[in-house]
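**Student:** Each residue of the sequence shown is one higher than the one before, starting from 22 at the first, in the working numbering.
Treat the hints as calculated values from the structure; they're not laboratory data. Be careful, since some hints might not be right.
As the list claims (entries may be wrong) - Derived CB-CB ranges, DEER-like:
id, residue 1, residue 2, range
1, LEU179, GLN115, 23 to 33 angstroms
2, ASP163, PRO52, 28 to 38 angstroms
3, ALA167, GLU139, 38 to 48 angstroms
4, LEU113, VAL184, 42 to 52 angstroms
Every residue, glycine too, gets a C-beta built ideally from N, C-alpha and C.
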Amino acid sequence: LVSAVQKLARVTEISEDLMLYCGLGNASDLPASFRCADKFGSMGWTEFGFRSTTADKAVALDYSGIKKGNPHPIVIAIKPNAIDRGACIAELSQYQGEKEYLYVPCSFLQPAGPQWLEVVEDGVANCIPMHLSSNMMTETTDKLVAKKQLMHLDAARLLADEVRAELEELAVS
């Protein structure tokens, strides 16, 4: 799945005005590393799973729980760029008609400016601009297969060298 999402992200078109959103339940959903910088001055968190986002802010507001009366609805806003872009999976989304974008696991989210409150019909949501750094270390299935082939070839060479050495010892004796 990671390989597929990574490949789709490479060919996903992004416009200058594209903004992606993700609804979070409430303030307790944010890890402590969001508010407090570490010893290197970094703030944010690593997403250990896929991060689903949407181009439709109303969908993200719905996921925030604002319609259900959640006292602390949060919507994160992500501006994709040429490097850090998600894969548009609108055609594959289980939610028909949703403009869904998916990011690979182990991407990093960090605050990207001042938060603001957004007043909507159902209440007030805390909107947080974030920068999402895509995990560029993931490898496609093609690369993993090529690595595996190289490992097998190296192992075969090593085994052939061992057999050759043993045969030379037997020939000398």
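**Student:** Of all the hints numbered above, which does this structure not satisfy? Sort the numbers upward.
**Tutor:** 1
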